[in-house]
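Peer 1: Order-wise, the sequence lines are chains W and B. Read in order, the letters of the first sequence correspond to residues 1 to 234 in this note's numbering. Read in order, the letters of the second sequence correspond to residues 1 to 184 in this note's numbering.
If you're looking for bench data, these hints aren't it; they were derived computationally from the structure. Since no wrong hints were added, every one of them can be taken at face value.
Not close to chain B: a few residues of chain W, all C-beta gaps over 12 angstroms, as computed: (1) Glu22; (2) Asp146; (3) Gly147; (4) Arg148; (5) Val159; (6) Lys194; (7) Gly228.
List time: in silico BS3-like cross-link candidates among lysine-lysine, alpha-carbon distance up to 30 angstroms: (8) W:Lys24 to B:Lys139; (9) B:Lys139 to B:Lys160; (10) W:Lys24 to B:Lys169; (11) W:Lys194 to B:Lys27; (12) W:Lys24 to B:Lys160; (13) W:Lys24 to B:Lys77.
Keep in mind that this is a model prediction, so the values were computed, not measured. Note that CB positions come from ideal geometry on N, CA and C, so glycine has one too.
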Amino acid sequence: MTAEQDNKALAGEYVLGLLEGEAKMTVERRIASDADFAREVEAWRSRLAAFDDTADPRAAGDTLWSRIEAGLSGSPARAPETQSLWSRFWDSLPALRVAALGSSVAVLLLAVGLSFAIRAANQQPVMVAVLVDGNRTGAVVHTFADGRVVLLPLAQIDVPPGRAIEVWTLPSRERGPVSVGLMSRAQTLQLSLKDLPAPKPDQLFELTLEPATGSPTGRPTGPILFKGNTALAL
Amino acid sequence: MTAATPTDSATEAQVAAAIARCAAGEKAALRVIYDIEAQRMVGVARRMLRRQDLAEEAVQDAFMRVWRSARTFDPQKGAARSWLYAILRNCALTILRDESRFSADEDAAEEAAPMSESALARLPETSALRRCLERLDAKRRSVVVLAYVHGLSHGELAGKLGVPLGTVKSWVRRSLISLQECMG
Numbered sequence: 001m002t003a004e005q006d007n008k009a010l011a012g013e014y015v016l017g018l019l020e021g022e023a024k025m026t027v028e029r030r031i032a033s034d035a036d037f038a039r040e041v042e043a044w045r046s047r048l049a050a051f052d053d054t055a056d057p058r059a060a061g062d063t064l065w066s067r068i069e070a071g072l073s074g075s076p077a078r079a080p081e082t083q084s085l086w087s088r089f090w091d092s093l094p095a096l097r098v099a100a101l102g103s104s105v106a107v108l109l110l111a112v113g114l115s116f117a118i119r120a121a122n123q124q125p126v127m128v129a130v131l132v133d134g135n136r137t138g139a140v141v142h143t144f145a146d147g148r149v150v151l152l153p154l155a156q157i158d159v160p161p162g163r164a165i166e167v168w169t170l171p172s173r174e175r176g177p178v179s180v181g182l183m184s185r186a187q188t189l190q191l192s193l194k195d196l197p198a199p200k201p202d203q204l205f206e207l208t209l210e211p212a213t214g215s216p217t218g219r220p221t222g223p224i225l226f227k228g229n230t231a232l233a234l
Numbered sequence: 001m002t003a004a005t006p007t008d009s010a011t012e013a014q015v016a017a018a019i020a021r022c023a024a025g026e027k028a029a030l031r032v033i034y035d036i037e038a039q040r041m042v043g044v045a046r047r048m049l050r051r052q053d054l055a056e057e058a059v060q061d062a063f064m065r066v067w068r069s070a071r072t073f074d075p076q077k078g079a080a081r082s083w084l085y086a087i088l089r090n091c092a093l094t095i096l097r098d099e100s101r102f103s104a105d106e107d108a109a110e111e112a113a114p115m116s117e118s119a120l121a122r123l124p125e126t127s128a129l130r131r132c133l134e135r136l137d138a139k140r141r142s143v144v145v146l147a148y149v150h151g152l153s154h155g156e157l158a159g160k161l162g163v164p165l166g167t168v169k170s171w172v173r174r175s176l177i178s179l180q181e182c183m184g
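Model the full structure from these sequences, guided by the hints.
Peer 2: Quick look at the structure:
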């Protein structure tokens with residue numbers, strides 16, 4: 001193998017994605033400093049580009065775009081939005097504050113029942129998920145007929161400094177877990193499912209412990225605190 | 001039969017112009033690139049990562065990088081789409097090589113295990129890449145396809161093809177040299 005062939009093969013290996021660690025960094029430095037070598041890399045990219053056009057197009061909807069757009073503005077994405085939704089919810093439904101403090105389902109249902117007696121028919125959850133960890137019940141997720149989905153904690157959750165509780169749901173295996181809420185401590189939270197299909201029976205909800213600004217990857221990274229599946233309310 | 005959409009020079013020009021507008025800080029231009037390329041990009045990433053959620057994550061990372069480094073794109077040095085897809089592939093490989101994340105997710109793979117011949121068969125009959133790859137014997141051809149299209153590492157190639165690592169490395173280099181000589 002001549003030195004020239006060696007160079008071309010090295011550029012090709014880089015474009016194939018086969019270089020790792022030190023070898024990859026060395027090549028990247030060389031691309032920046034050696035114009036001839038950079039041209040070899042570019043030549044490989046254009047030789048192999050035809051493969052990229054053989055991939056089937058896959059769904060890339062407005063949800064993915066909004067995640068990208070949220071990143072551009074430099075805002076910490078989900079956290080403030082969840083907070084403001086939560087605040088509005090809190091203002092409009094003060095009775096749920098009582099509910100959040102209640103430590104049993106009975107107290108909770110009583111509070112909800114009393115405060116919404118007039119609109120009781122609308123306020124019954126159409127679906128309930130009880131989130132558990134073994135024998136311990138941690139929270140319930142109520143889906144209401146008007147589309148609101150609300151998480152009500154039923155247990156204290158220890159959140160270490162710099163961490164937060166993130167709420168996830170799995171709308172489909174294909175889609176994977178989607179973040180629907182973030183909170184610094186266990187509290188009643190209206191979940192943000194507006195970009196998702198309405199929850200279906202047997203849909204997974206779970207709480208994980210994540211960094212304070214939410215999972216850095218957009219998928220659960222920390223330990224699962226509680227989880228459970230939705231069921232139709234009788 | 002091929003799933004490839006011919007990339008005409010108009011698309012290339014649109015993407016190049018949009019990258020230039022991104023460099024000037026125009027967010028709407030990033031959306032233009034998204035509308036033209038995002039579905040294909042998710043498809044490319046999904047062949048490597050085998051899951052929709054990870055593929056979307058790679059595309060998200062790629063668009064962030066496109067936005068941040070749009071000023072470094074130099075149309076004198078290369079094509080706009082090839083720049084875009086190089087960024088995407090880097091983002092996908094970063095996720096793919098993060099073993100702590102990926103091995104745990106292996107069970108959830110949605111795509112079938114990679115088959116080197118399927119991507120090859122989708123190349124247009126007239127493609128120089130296809131013609132030149134077909135001149136190589138099957139195993140030497142497959143290392144190129146599996147690495148580029150499906151993101152396999154040297155170690156994974158050796159495992160899949162049942163040959164020692166040194167053999168795989170030498171096949172890769174010889175295949176690349178033949179391919180370069182054939183395609184020019």
